[in-house]
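**Q** Can you make the complete structure from the sequences, with help from the hints?
If you read the protein sequences in the order shown, they are chains A and B. 166 is the number that this note's numbering gives the last residue of the first sequence; the numbers go up by one with no jumps. 166 is the number that this note's numbering gives the last residue of the second sequence; the numbers go up by one with no jumps.
Among the clues, some could well be false.
The list treats identical chains as one, so a pair stands whether inside a single copy or across any two.
The list that follows gives simulated cross-link-like pairs (lysine-lysine, DSSO-like), each with its CA atoms no further than 27 Å apart [as the list claims (entries may be wrong)]:
| # | residue 1 | residue 2 |
| --- | --- | --- |
| 1 | K125 | K152 |
| 2 | K76 | K152 |
| 3 | K49 | K152 |
| 4 | K152 | K40 |
| 5 | K156 | K49 |
These aren't lab readings, by the way, just hints derived from the structure by calculation.
2 protein chains.
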Amino acid sequence: MDQRVSIITLGVSDLQKAKAFYDGLGWKEVEQTAGEEIIAYDLHAMTLTLYPWDKLAEDAGVSSERAGSSAITLAYNVSSESEVDETITHVKTLGATITKPPQKAFWGGYSACFQDLDGHIWEVACNPFSKLGPKGEFQWLGVNE
Amino acid sequence: MDQRVSIITLGVSDLQKAKAFYDGLGWKEVEQTAGEEIIAYDLHAMTLTLYPWDKLAEDAGVSSERAGSSAITLAYNVSSESEVDETITHVKTLGATITKPPQKAFWGGYSACFQDLDGHIWEVACNPFSKLGPKGEFQWLGVNE
Chain A
22 MDQRVSIITL GVSDLQKAKA FYDGLGWKEV EQTAGEEIIA YDLHAMTLTL
72 YPWDKLAEDA GVSSERAGSS AITLAYNVSS ESEVDETITH VKTLGATITK
122 PPQKAFWGGY SACFQDLDGH IWEVACNPFS KLGPKGEFQW LGVNE
Chain B
22 MDQRVSIITL GVSDLQKAKA FYDGLGWKEV EQTAGEEIIA YDLHAMTLTL
72 YPWDKLAEDA GVSSERAGSS AITLAYNVSS ESEVDETITH VKTLGATITK
122 PPQKAFWGGY SACFQDLDGH IWEVACNPFS KLGPKGEFQW LGVNE
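**A** Structure follows, in structure tokens:
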């Protein structure tokens, strides 16, 4: 397997509510036929989709319980501490639960965490050791300049 | 928030075993100080990391139970049906659980699903409607040629 991920799919309990949350971030859905039971947002070289939790489990060949038994977080890196603060203030208005208010992180950055309407965990972080690329691309090695 | 994800972090119960699995896919870890409690793999414009489940929960400000209550799948798209078959045969040798054997999918492609050692669900798919980019980049709209 090459070193890549094509799609991140978040299992959701109410597709329209979940869509309203991600639209509320300023994200633009991929155009598609009305009535489709999946919502797609193209990111850098990959896609994030929202899909009903029970269908996700069925498609994967696992029970709903097993589908919801893994711990994953998604990180969104930004360029400044104030941008972390602003992002958290914004997602709160969309109904996110702030699980960790903005604070200095042990690894030297500044970060906060929230859960979206379905409990998916996001970290919003400013990492002074790893510059983002011109379009916000992130690499661990910090090679983006 | 811009339309992007910087890091996907998979909570794992045994960091070295999890690393052996992902190394076994042919993935190359980002070089780092020995003894660090996080394993990073740079992907396209983002990073996938492995991190102990309990620390992930602590960092996110949630209980381990809540950290492990969301359903997410990661998809890995390939260019041919035989590549789906080969990938599934390979991950099986690494200890993955095949939850859906390779088969025609309702949406017109060909796919299979497996869970890694910690239950994280991967779909391996050939999607004839969305060409991959030269480096395997995926976009829902299929604009990569």
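**Q** Taking each numbered hint in turn, which are not upheld by the structure, reported in ascending numerical order?
**A** none
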